[in-house]
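Construct the entire structure; sequences and hints are all you get.
Line order of the protein sequences matches chains A and B. In short: position in the first sequence from 1, add 814, done, that's our numbering. In short: position in the second sequence from 1, add 814, done, that's our numbering.
For identical chains, the list gives no copy identity; a pair is met inside one copy or between any two copies.
Result set (SDA-like, lysine to any residue): computed pairs, CA atoms no more than 25 Å apart in a straight line:
1. Lys-857 to Arg-882
2. Lys-857 to Glu-953
3. Lys-857 to Thr-827
4. Lys-857 to Asp-999
5. Lys-857 to Asp-833
6. Lys-857 to Tyr-879
7. Lys-845 to Phe-826
Calculated from the structure, these hints are not laboratory results. None of the values given here were measured: they were computed from a predicted structure.
Number of protein chains: 2
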Amino acid sequence: MCKTNTGMACRFTLSPMSDSFVDIILGAIGKVDGSAVSQRTDKLSTVYRGSRAAVEDAVKACFLYAYRPHVHMTMECAFSTAPAPEGEDRGAVNGEKLGEFHFPAVGKLTLYPLGTGEVSLWREKVAAEAKERGLCREEAYDGPILAGDVQDIFDCLSAVNGLCREGLEDYTLEFTLSVNSPTPD
Amino acid sequence: MCKTNTGMACRFTLSPMSDSFVDIILGAIGKVDGSAVSQRTDKLSTVYRGSRAAVEDAVKACFLYAYRPHVHMTMECAFSTAPAPEGEDRGAVNGEKLGEFHFPAVGKLTLYPLGTGEVSLWREKVAAEAKERGLCREEAYDGPILAGDVQDIFDCLSAVNGLCREGLEDYTLEFTLSVNSPTPD
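Below you can see the structure in the form of structure tokens.
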């Protein structure tokens, strides 16, 4: 398969359900080392672009820095194949500091393989990856719902992204993350 | 084209960025006439299922009932083709009461045509519909960003959904809506 889209774009929206949402969002985005990605914020969301490793790292940093122990927050991310970034890939520049964060989270992965008839096949691979990691809480009609430590969920996201990057020319992987939801289990 | 998926499912998440988010969300969901859809709420989102008209109507009602003049709120919706609903279609049962709500909103439409190679072609049709209606504020890489009165934006969503329902066997239409954002224009 000829791969022209070796870069990645991620459009994401952080939604802290709190009167302090502006401080939480701007504080987190400001704290992220964004030197390995290009960044654009519009009225609806922020888009990071770069290599897969750099983009996943920046998104993860943003969510972890925005986390507050008692604030319900969700993040909606759409990871899409994109043209290869120019210049040297600096990779996961936030990585080292991020390992210390641990808290329970709930997530969902919905894959949209584009330009191929193999939609079900690829969605099954996504669900299988979540199950193998013991994170699949439920299989919804559009993808697995995950529950576990936030680090394990981001690891699963990265594994699925790697799998898709390897086998699909074009796709979007929607990733939703939720913490401190008041909805009972 | 043989259409087996004549129903629609919509998974959506309301995110009021307010300490009162629980009251706002539950108040809105409780006020919606849900008699024409089936409803399931999990830890991440609510899913309405039914005919296209019934599902669009229930989602719109939920957003309009959740609106508060000074509260920043977003809604993420994924409208997907689904098996035809059983029983009589009661249609847009909330409709009449919803026309009185008017406020400015920003939105985005991202189409994922599934199982077809014509991704760009269909995405161009979505952007064209938004432009014809004078709602296209910007063409992002993944779809048009809309700005206008909330009624016009929901009308555009419905027109795009109708267009896709007519020509595509399988797709997901992601629809994002945002009100009272503090981000300057």
